[in-house]
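There are 4 protein chains.
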Amino acid sequence: MSSVLGKNLKVSVFGQSHSAAIGCCIDGLPAGEVIDRAALLEFMRRRAPGRNSYSTARKEDDLPEFLSGVLENEAGELVTCGTPVMIVIHNKDCRPSDYKMFNDVPRPGHADYTAHMKYKDYQDVRGGGHFSGRLTAPLCAAGGICRQLLERRGILVRAHIYSIGDIFDEPFHPVRIGTGGQETAVNGDFPVIDADKGSLMIKAIETCRQAGDSIGGIVECAVTGLPAGLGDPMFEGLENLIAGAVFGIPAVKGIEFGAGFAASRMKGSEHNDPFRMKDGKVATVTNNHGGILGGLSSGMPLLFRVAFKPTPSICQPQESVSYTGRCNTELSVTGRHDPCIVPRAVPVVEAVAAIVILDLLN
Amino acid sequence: MSSVLGKNLKVSVFGQSHSAAIGCCIDGLPAGEVIDRAALLEFMRRRAPGRNSYSTARKEDDLPEFLSGVLENEAGELVTCGTPVMIVIHNKDCRPSDYKMFNDVPRPGHADYTAHMKYKDYQDVRGGGHFSGRLTAPLCAAGGICRQLLERRGILVRAHIYSIGDIFDEPFHPVRIGTGGQETAVNGDFPVIDADKGSLMIKAIETCRQAGDSIGGIVECAVTGLPAGLGDPMFEGLENLIAGAVFGIPAVKGIEFGAGFAASRMKGSEHNDPFRMKDGKVATVTNNHGGILGGLSSGMPLLFRVAFKPTPSICQPQESVSYTGRCNTELSVTGRHDPCIVPRAVPVVEAVAAIVILDLLN
Amino acid sequence: MSSVLGKNLKVSVFGQSHSAAIGCCIDGLPAGEVIDRAALLEFMRRRAPGRNSYSTARKEDDLPEFLSGVLENEAGELVTCGTPVMIVIHNKDCRPSDYKMFNDVPRPGHADYTAHMKYKDYQDVRGGGHFSGRLTAPLCAAGGICRQLLERRGILVRAHIYSIGDIFDEPFHPVRIGTGGQETAVNGDFPVIDADKGSLMIKAIETCRQAGDSIGGIVECAVTGLPAGLGDPMFEGLENLIAGAVFGIPAVKGIEFGAGFAASRMKGSEHNDPFRMKDGKVATVTNNHGGILGGLSSGMPLLFRVAFKPTPSICQPQESVSYTGRCNTELSVTGRHDPCIVPRAVPVVEAVAAIVILDLLN
Amino acid sequence: MSSVLGKNLKVSVFGQSHSAAIGCCIDGLPAGEVIDRAALLEFMRRRAPGRNSYSTARKEDDLPEFLSGVLENEAGELVTCGTPVMIVIHNKDCRPSDYKMFNDVPRPGHADYTAHMKYKDYQDVRGGGHFSGRLTAPLCAAGGICRQLLERRGILVRAHIYSIGDIFDEPFHPVRIGTGGQETAVNGDFPVIDADKGSLMIKAIETCRQAGDSIGGIVECAVTGLPAGLGDPMFEGLENLIAGAVFGIPAVKGIEFGAGFAASRMKGSEHNDPFRMKDGKVATVTNNHGGILGGLSSGMPLLFRVAFKPTPSICQPQESVSYTGRCNTELSVTGRHDPCIVPRAVPVVEAVAAIVILDLLN
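Going down the list, the protein sequences come from chains A, B, C and D. In the working numbering, each residue's number is its place in the first sequence (first place is 1) plus 120. In the working numbering, each residue's number is its place in the second sequence (first place is 1) plus 120. In the working numbering, each residue's number is its place in the third sequence (first place is 1) plus 120. In the working numbering, each residue's number is its place in the fourth sequence (first place is 1) plus 120.
Treat the hints with care, since some could be wrong.
Just so you know, same-sequence chains aren't split out, so a pair can sit in one copy or run between any two.
Stated by the list, open to error - In the EDC-like style, the derived pairs of lysine to aspartate or glutamate whose C-alpha atoms are separated by at most 20 Å in a straight line are: (1) 323 x 290; (2) 212 x 197; (3) 317 x 450; (4) 401 x 224; (5) 323 x 309; (6) 323 x 286; (7) 212 x 185; (8) 212 x 181; (9) 401 x 181.
Just so you know, these hints were derived from the structure itself, not from any lab.
Kindly generate the complete structure, drawing on both the sequences and the hints.
Take a look at the structure:
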C-alpha cells in the first residue's frame, strides 16, 4: 500500500470512512508560510458533503485540526515552521470498531472485492474504509494549503465541471484562461462557467437521484502562471506526475491533457500550436498541447480533463456474489451517497494538481 | 530530470537521438531468467523504423547489446544473474558532436522550446535529443524482457491500434480478451484485429504522408492473467502507476481505463459490473472497470487506451519564432519522420505496461 | 525536509517537542496482524522519560492513540486492516503556541543554529522543536509494532548499553547471541548484561548529573533469526539501510557493523570468518562480518553498534552568540534534560532496526 | 537489488568484474557544465589498479567512454546537455561468459555465500561479480564529475588515509581544513599528510603482501565550503545520506562523523562546540560535531571517517565449505588482489561524498 504522494513534498494520507479520524501529514512545506485558515475552510467546504440535494446527507464539519508543523504569529495566523504539518479531521459519527462487520457481498463498482482479495477478512469495509471518497477531505486540506502557496507565487489552480453525463459546460479558453475571465466564475457550490448549463446539470443529477441511480462527469482543470521549462523528460514530466496523482482520487477512470483524446483524430497541421512572439515573450497561438511539451511546461495554461465514473452506490438492486456461500446473490446498497460525485470532486482535482506543482517547485 | 522508472524494478533510460548510443539499465530483474533473444528482437522489430512507407526512412538495426547482468548458459541462452542488466543500442549513423548546431527556431509541437527554457543553449537539439521517439527503443528492450518474464507467469500483455484518425479497429472484448481470440491477431507489423479497418488506416496514413502532414491515433492495451488484489490504494494503484509511466512515451496526451471517458456519460446502473460466480471464482459479467477497482486488480482483463497526438514533424511550413531575432519567422521541418507514430507505438505501450506490472509483482 | 523512512513500509514522523501532538503514520503494514498493546506500551515505557534520576523529569504518559488502520477483533485486540496506521501521542503539558519565543542564542551541540539557518525565524525552537529527542517516542511506537511482527516470524531485535563513557558492558556474543542467553537479560530499565557494570554506569551518570554535565555512550544491537540472502548489493544493502535510518535518531554520531572500526586494525587472516557446516547449514565460526557480507545477510546474527554523543543540554554556562546582537555571549541551559541519553536510546535503536528489517521483508 | 543512488541526482551503477563492461548512468546533472576530462582521468587514476606493489596487478586502463548526455563545445570540451550521462568502461581482459564456472566453495569474507543464497546458481561469481571492488571505477567516474561541479561552487571534497592497521596519519584539522594546508597534500598516489607515516604504512602493507595476508584501515574525508542549513531533519539528514551511500563501497564496516565514537566517551562540557562570531559570521571554536547538527550543515567543515576491513582475498589457506558436498573443506584464493584496499579507496570515498552533496544541492 502506499498512500504517500510526492518526492520533495510528501503527503501521507490516512484514515478510513469510519475510523476515529482521517487526515494527512505534509512533509516538506517551506517554513514561514501563512496558512489562511478561512480560505482553507472555504476551499474544503466546496468538497464537504451535505450541502444540497445532489450530495450525500452525511453531516461532517470536516474541521482540520493542526497537530504540528505550525505556530501562531502575533496576528493569530497559522505559520508553517518547516517541519511536518499534521492535520487531523475527526470522524464525528464514528461508531466503535466492530470486527464482525465483515461484508460478505461485495458492492459492484466499489473496491470491496479487490480489497477483500488483498487484505482478506481484515480490511475495514465500513463505508469503503480507506477507499472511501471521504479520504479526499485530507487531500483537500493538504492541497488547499499548497494552492494558497502557489497563488502567492502567481500560480492559479482552477477547475470546473466540464460535463455531467451528456451536458457540457463552456470549456476553459485554452489560451485566455487565467487572464481574468472564466476562472473567477468557478468558485461556487456548483462550479460552472455557463449557469444555464449548470441548471441543466443539476436537473440531470436530480433525475438520477430520484431514480435511485447515479451519473458520471468530467472535471476540467487549468493551472496558469507556471514558468516555462518546469518538469522533467520521460517519467517525471508534468503529465506523468499529475496523472500518477490524479488516479489517487476515487472514481477517476481517465485523464487527458490539452486536446487529449481529440488529438488522436487530428492532423499534425491542425494540432501543432504555432509559436509567436507576444509581449516580448514566446507564446503559442493555440494551446492543443495543454501547456506541456516533452513533459515540460511551456508557459501556456496547463490544461487537463479528468473523467469520473458514476458513483457506484445506487439504490437499485444489483447482482453480486456471496463469499461464504460461494454463490450468486442480489444486493441493494442503502445509506447515504451522492447521485453524482463530480461537483464535490472539483476542489479535489485542484488540490491534487496543487500538491504536484508545489512539489515540483520546491 | 528523471528518466528512471520504477520502484523495486528500476529502468534507467539514457541517450539522445544522435548520441553515440542509447540504452537502458534494468535494476532488479530476478536472477535465473532466460532472455529469449530471438523473441526480444522480434518484439523490438515491431517498433523499429524503416520497415514500410508509413514510418521514418531512418535505418537503424537497433540491436541490443548486453554489457552486464547476463551470462550464457550451456544452451547459449542469455540468463539473468540478478545484477543490473545494461543494454546498449549504438546509433549507427551518429555524427560527431557539433556544439554549434543550436537550433534558433523551435519546431511547433516538439519539445524544442520547453527544453530550451530548461537547459538553455546546452541541450542536444539534434533530432529532438533525449526527447526523441528513438528513446522508445531501449524502453522496448527493457519492456520486452519484462513481457517475456510475465508471459512465463501466465500474464499476457497485448496491444493493438485502436484507431487512426477517425478509423476504428474492432475493440478488445473486455471480458473475453486473453482467452484465445483477438490477442493472437495483433502481433504483426500493423497490429489490428479487423484487417479491413487496417487497410483503411494504412490508406489514411498514406494520404497524410503525401500531403506532408501527419495523423494521430489510439492504442488499446490488455493485460490478462493478473491475480486479483494486485496494486495499492491511492497513489500506488495500478492506474496511477501505469498512467505515470505511459506519459513517458513521447506524443501521449491521454489515458483511460475500462470505459474511461465514456463512463462520464453513463449511469451507475449501466456502468457497474455485476459480480457472478464463474468456474468457482468471482468474476464480473461486464468489464467497464477495466480490471481495476480501487487501484487494485480484479482478476478481469486490465484494459486501457492511450491517445497519441499526430507526429509534430510535418513538411508543411509552420509559424515559429527566432530566439536570437526575438521575432516571428517561418519554419519547414525537413528530414525523415513518421506520418503516423501509432503503429510503432503499439509495442512501446506493451513494454511500459510490462515494466510496471513486473515491478509490482517483484 | 524528510521525516519519512522506508520504501515498501513507510513511516512518517511528525511533531515538535511542544506541538499539540507528536506521532507517526505507518503505511504498508500487512493486514491481519495483531498489535499487542500491553507489549507495545511496555516497549515504549523503556524509552519514556521521568522514570529515574538519570533521565529528564518531564512527565509524559506517551500513550499512543490509534486514529486509523486498526480494528478490534472479538478478543478486543487491535488488528491491522492493511491501511495506514496513524498513531498520535498528545503532548500533555503543551503550552499554547507562542510565536515570540524566538531564541536569539543557539545552544551549543543542539540543532538551534543549523535549523535557524534553514528555517529562519520560523522554526519552532521550543524544546528543540522537531529535532527534539521527544520525536523518538513515535519512532518507538512504529518500531515497537514492527518488532512484534518480526518476533512472530522468529526474528529477534535486541539491544543493550554497550558503554557509558569508559565503562563497558559485556558485549553480545557475536555467534551465540539469540540462542537463549544474553538477550533475555537486556529488557529492563537499564539494559545491561553485566549488572555490576550497570551499577558503575549509573554511578557515572549520577556524577555527571551532579556536576551539571552529561556523558555519551554506545548502544549495541543484534538481530537474530534473519534468513540468509536478505538485502541488496550497493546502495540498498542492510548496512546502507540501517545506517541511513539510525542517523535519524538524535545524537547519533557513528555506526559500525561486526568488528567495525576494529576491523581497520586487523589482518585479513584474523578478520575473515571461516565457513563451516553446522547442523546441516552453512555457518561461520566467528562473526567479524556482523551477519552481513556484500550488503546481504549471512544468516549469522546481525550486529551493530551506535555511538551517541553526550546530551548537549548541560547546566554549566557555555559560550554562544546572539543573532540579533551579532556578538558573542554566554548561555546557561536550564530546564529538564537527561544527563545521559543512552539508556533511553536502547529501545529506539531496536525500533529503527525493526522498521528497516520489516520493510525489507515486506 | 538496487544499485541506484540518489534522489534528484540518480546514479545507476552496472557491471560485473568480468562482464563486457561496467559503468554508470547519471540522471540529473545540470546542463551546461564542462567536464574536465583530464582532471577526471587523473581522479580516476588515483583509484586505478596496477600502479604499484600495494595494489592488484590487474591492468585496466579504465577509460570512461561517454555514450550520451554530453556534447563537445568549440574548445573540444565535454559539456553536459542536461540528459542522462551514460559512462561505459570496457573490461579489457574480459573472457567469454562461462555459465559453468559456478563456484562451489565460497571465499571467507567475500559476498560469495550471501549472493549464492540470494541469486542461487545464477549469480556471476567471476571475480566477485557485481560485488567486486571493480564497480568503484564507475562510482569514481560519476563522483569525479560531481566533485568538479562542487569545486566550481567553492565546495571541496578531500580525503586521505587516516590509518593503516595501527599506523595513523596526522588527522585533518577539524576547523582549519580547507583553508589552504592539509588538503593540498593529499592528492598523490598515497594520500597522506605526514609523509613519514606514509612510509611506515607502505612498509606495513608490503609486510602483509609478503605474508600472503592483508590489512584494513580508515579513510578520513572533509567537505569544506558548504553553506549552513543544508540537509534535512531525521531521515534525509547529511549523516543519513552520506552513511547510506558510503556503505555502498565494498569492505566498509563503519562510519563516524566529527568526534564520532570518541564522543561516546566524552562529557557534554568537552564535546559541545562553543559558538563564536568570526569575520561577521557564526562559527564554532571546535568541531566535534563534524559540521553537522540535527542532520543539517553548520558551515563548519563536514568531517567523517570510514572504516575498511582488510581485503578478504588472502593467499593463506582458509576454512570453507562445499555446497555440493555439504561438507567442510579448505580453500586457497589465488589470483590478483590488493593486500590493502585503503589507498585506492580514498578517491572512492570522495566520489560518494560528492554525489550525495551535489544531489542535496540540486
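Original post:
Of the numbered hints stated previously, which ones are contradicted by the structure, given in increasing order?
Top reply: 2, 3 and 9
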